[in-house]
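Everything in the sequence shown is counted per the working numbering, starting at 1 for the first residue and increasing by one.
Just so you know, not all the hints are guaranteed correct.
[Said to hold, decoys possible] With a Cα cut of at most 25 Å, we get these calculated DSS-like pairs of lysine-lysine: (1) K452 / K166; (2) K417 / K452; (3) K428 / K417; (4) K284 / K226; (5) K417 / K172; (6) K308 / K382; (7) K226 / K308; (8) K172 / K284; (9) K382 / K172.
[Unchecked claim] Using C-beta positions, here's what the derived DEER-type ranges look like: (10) A180 / A122: 25 to 31 Å; (11) S491 / N250: 43 to 49 Å; (12) V183 / S491: 48 to 54 Å; (13) E526 / T271: 39 to 45 Å; (14) D413 / S486: 15 to 21 Å; (15) T56 / T341: 45 to 51 Å.
Quick caveat, the hints were computed from the structure, so don't treat them as lab data.
Heads up, the beta-carbon is just placed ideally off N, CA and C, and yes, glycines get one too.
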Amino acid sequence: MEEKQSLIDRRTMLKRTAAGAALAAESLLSPARSFAQRAGHTVNPRSFGAKGDGQTKDTAALQQAIDSCAAAGGGTVLIPAGTYVTGTLVLRGNITFEMQAGATILGSTNADDYTLPPEIAALHGAQGGKHLIFAYRADNLTIRGPGVIDGHSSAFLAMTGRPQPKPEDLWKDVIAFERARTVRISPMVELVYCNNLRVENVTLQNAAGWTLRPVGCNSVTIEGVKIRNPIDASNSDGIDPSCCQDVLINNCDIVTGDDAICVKSYNQYGTNTVCRNVTVTNCKLRTCCNGLKLGNEGPAAFENIVFKDCEVYSGDVPLNERVIAGIDIEMSEHAYVDGVTVSNITMSNVRTPIFVRLQGQNGHNPRPAEGSLRNIHISGIKATGASLTSTITGSPGAMIEQISLSNIQISTDEPGKEEWAHADVPEKTNGYPGAVMMGRLSSYGLFVRHVKGLQLQNVAIRSSAHDPRPMLICDDVQALNMTGVSGSASSPQEPFMSLNNVQSAVIHQNTAPAGTAVYAHISGAESHNIRIMGNDLRQASQPIQVSSEVPPDAVIRS
Numbered sequence: 001m002e003e004k005q006s007l008i009d010r011r012t013m014l015k016r017t018a019a020g021a022a023l024a025a026e027s028l029l030s031p032a033r034s035f036a037q038r039a040g041h042t043v044n045p046r047s048f049g050a051k052g053d054g055q056t057k058d059t060a061a062l063q064q065a066i067d068s069c070a071a072a073g074g075g076t077v078l079i080p081a082g083t084y085v086t087g088t089l090v091l092r093g094n095i096t097f098e099m100q101a102g103a104t105i106l107g108s109t110n111a112d113d114y115t116l117p118p119e120i121a122a123l124h125g126a127q128g129g130k131h132l133i134f135a136y137r138a139d140n141l142t143i144r145g146p147g148v149i150d151g152h153s154s155a156f157l158a159m160t161g162r163p164q165p166k167p168e169d170l171w172k173d174v175i176a177f178e179r180a181r182t183v184r185i186s187p188m189v190e191l192v193y194c195n196n197l198r199v200e201n202v203t204l205q206n207a208a209g210w211t212l213r214p215v216g217c218n219s220v221t222i223e224g225v226k227i228r229n230p231i232d233a234s235n236s237d238g239i240d241p242s243c244c245q246d247v248l249i250n251n252c253d254i255v256t257g258d259d260a261i262c263v264k265s266y267n268q269y270g271t272n273t274v275c276r277n278v279t280v281t282n283c284k285l286r287t288c289c290n291g292l293k294l295g296n297e298g299p300a301a302f303e304n305i306v307f308k309d310c311e312v313y314s315g316d317v318p319l320n321e322r323v324i325a326g327i328d329i330e331m332s333e334h335a336y337v338d339g340v341t342v343s344n345i346t347m348s349n350v351r352t353p354i355f356v357r358l359q360g361q362n363g364h365n366p367r368p369a370e371g372s373l374r375n376i377h378i379s380g381i382k383a384t385g386a387s388l389t390s391t392i393t394g395s396p397g398a399m400i401e402q403i404s405l406s407n408i409q410i411s412t413d414e415p416g417k418e419e420w421a422h423a424d425v426p427e428k429t430n431g432y433p434g435a436v437m438m439g440r441l442s443s444y445g446l447f448v449r450h451v452k453g454l455q456l457q458n459v460a461i462r463s464s465a466h467d468p469r470p471m472l473i474c475d476d477v478q479a480l481n482m483t484g485v486s487g488s489a490s491s492p493q494e495p496f497m498s499l500n501n502v503q504s505a506v507i508h509q510n511t512a513p514a515g516t517a518v519y520a521h522i523s524g525a526e527s528h529n530i531r532i533m534g535n536d537l538r539q540a541s542q543p544i545q546v547s548s549e550v551p552p553d554a555v556i557r558s
C-alpha cells in the first residue's frame, strides 16, 4: 500500500513539474502571443451603461469598459451596433477595440469633452492636445472595424470667407482653403509609443484635423482602412506615421482635403528618431493636396521608405480640387533621406506627377541647407491628365544625390506659353516646399536643378496640347545618364532639351521626336564632358546647339 502511494506521489510530482515547466515556457512567450491567448475575454460597453442612441454622451461608460478590459489582462472591447457620442477615449495595451457593423463612435460637438487624464495631459506632447481616440505606450493594441469612427468635423469647421481665386490662378490654389477648423481636435486618432499596433478594416471620417497618426511606434500595420474627410477642409491629413519603424500601410482607401499619406519624423512627445522601414502599398488616394508624401515636417532622418502599387487620382474637377503632387519627396531642416523606392503608381488628373525637393529651411529664417536627399528610385509611373511640370531640385550647395527615373509615362494637358520658357525660375531656398512653389516653369515635362547622379531611362513625357517649352531642362547637374528619353517636340523657337552647366553626362540611345528644331541646347561655362552618341536625331533640324560660353571640348558627339 505504501509502495503504491509512493508511486502516486511520484507521478503527481512529475505532473506538477511538467506543468511548472509549461508555465515557465508560457512566461517566455512574446506579448503578442500571450495577449492572443487572453483575447477570449470580451467586454460590452452597454454593460457599463452605454446607450448608443446618438444623443447620450457615452464617454464614461466606454472608458470604463476599456479600463475594465485592461484590468482583466486584456481582451476585446466589443462595440455593438449603435451611435455612441463621446469625448476623448484613452485606449490601453493588450486590447482589441472592435466596432461591429453598424457601430459608430461619434465625436462630441462640445470641445470641452476632449480631455486627457492628468498623468497623460502632463506630458509635454499632450499639453493642449485634443483627440477623439488616444493611446500612450499601449502595446499589442488593435483598432478594428467594420464600424466607424466619426470626428463630427461639421461642428468644428467654418468658412474662411476668402476671396475666390481667379480662373487663371486655380493651378496653384487649393480648395481646402475654403474651410478652416475652429477647434483643433487633431489628430483625431493619436497613438503614441505603441508596439505591435494594428488598425484594420475601420472607417475613419469627418476628422477636424489630421485623421490617424502613429508617433514613435514600432511594428505597425494599418490595413483596409477607409478615410472620408471633406475635400474642402484644410489640415485633414489621412495617415501620418511619424518617427515610426517597421510600418505597413496596405489596401487603404483615402479621400481627404490634405496630404493623403505623409511619412514624417517629428515627435512632440520626446526625441525625434529616424523613421525607418515604411511600406505603403495597394492604396487608393484622392485629395486636393499631395498623394504619397515623405518628409518636410520633422528634423529626423528617413531610411528605407517604399511606395508601391498605388493609385492617386482626381475626378474631372477644377484644378484647385485636384491632387497637387502624386509623389512628393522632400527634405529641409538638417536631417537626411536615404533610400526611397517608388514603383508602379498610376495617376489621373494629378497636377504634378513627381516632386522631389531638398531645400535649406522650412521656416522664415534663412540658414545653409545641411540636410541631404539621396538614393531615390522611381519607376513604373503612368500619369494622365497632368497640368504642371515634374521637378527634381536641390539648393545651391546642397545637391540631391543618386536619383533614378525609369519606365515613366506622363501625359500633360497644359498648353503652356512661350514666355514661360524664358522665365527666371527662383531658387526658393526658404519657406514651405511644394510643387507650385517656383511658379510656372521653363519646361513642360521635367525640370532638374542641383542634382548629382541622375539616371533617366525609358522616360516618355508628352504634351497633348503641343506645349512650346522644352520637354527637359537640366541646370547644374552632374553625372547625368540619359537613355530612351522621349516626348513631344517643342516649338521651333525652343530645343527639345536644354542642358546648362551639366557635367559628366552620357546621352545615348534616344530619338528626336518628329518636328524637332533643336534636339539639345548646351549652355554654361561650367559645362564639360558631355557625350552625345548613338542617338537617332534625324528628325531634328539641328541636332546640337552649343552656346559660345561653353568650353570648346566640353561636348563630344558621334
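Hints and how they fare:
The straight-line distance between the Cα atoms of K452 and K166 is roughly 39 Å, outside the 25 Å bound, and the hint therefore fails. Note on K417 and K452: the hinted pairing is violated, with a Cα-Cα distance of about 30 Å set against a maximum of 25 Å. Straight-line distance between C-alpha atoms of K428 and K417 comes to about 22 Å, which keeps the hinted pair within the 25 Å bound. About 10 Å separates the Cα atoms of K284 and K226, which keeps this hinted pair within 25 Å; it holds.
Straight-line distance between C-alpha atoms of K417 and K172 comes to about 16 Å, which keeps the hinted pair within the 25 Å bound. For a cut-off of 25 Å, the pair hint linking K308 to K382 stands: about 12 Å separates their Cα positions. Simply put, K226 and K308 have alpha-carbon atoms about 18 Å apart, close enough for the 25 Å limit, and the pair holds. Among the hinted pairs, K172 with K284 is consistent with the structure: their alpha-carbon atoms are about 23 Å apart, no more than 25 Å.
For the given pair, K382 sits about 23 Å from K172 by alpha-carbon distance, which is consistent with the 25 Å threshold. Between A180 and A122 the beta carbons are some 30 Å apart, a value that agrees with the proposed interval 25 to 31 Å. Between S491 and N250 the C-beta distance comes to about 45 Å, which sits within the given range of 43 to 49 Å. For V183 and S491, the hinted distance range of 48 to 54 Å is satisfied, since their beta carbons lie about 52 Å from each other.
One distance hint, 39 to 45 Å for the beta-carbon pair E526 and T271, holds here, with the actual separation near 42 Å. At about 18 Å, the beta-carbon gap between D413 and S486 stays in the expected band of 15 to 21 Å. Checking the proposed 45 to 51 Å range against T56 and T341 shows it holds: the Cβ atoms sit about 49 Å from each other.
Violated hints, in rising order: 1, 2; the structure is consistent with all others.
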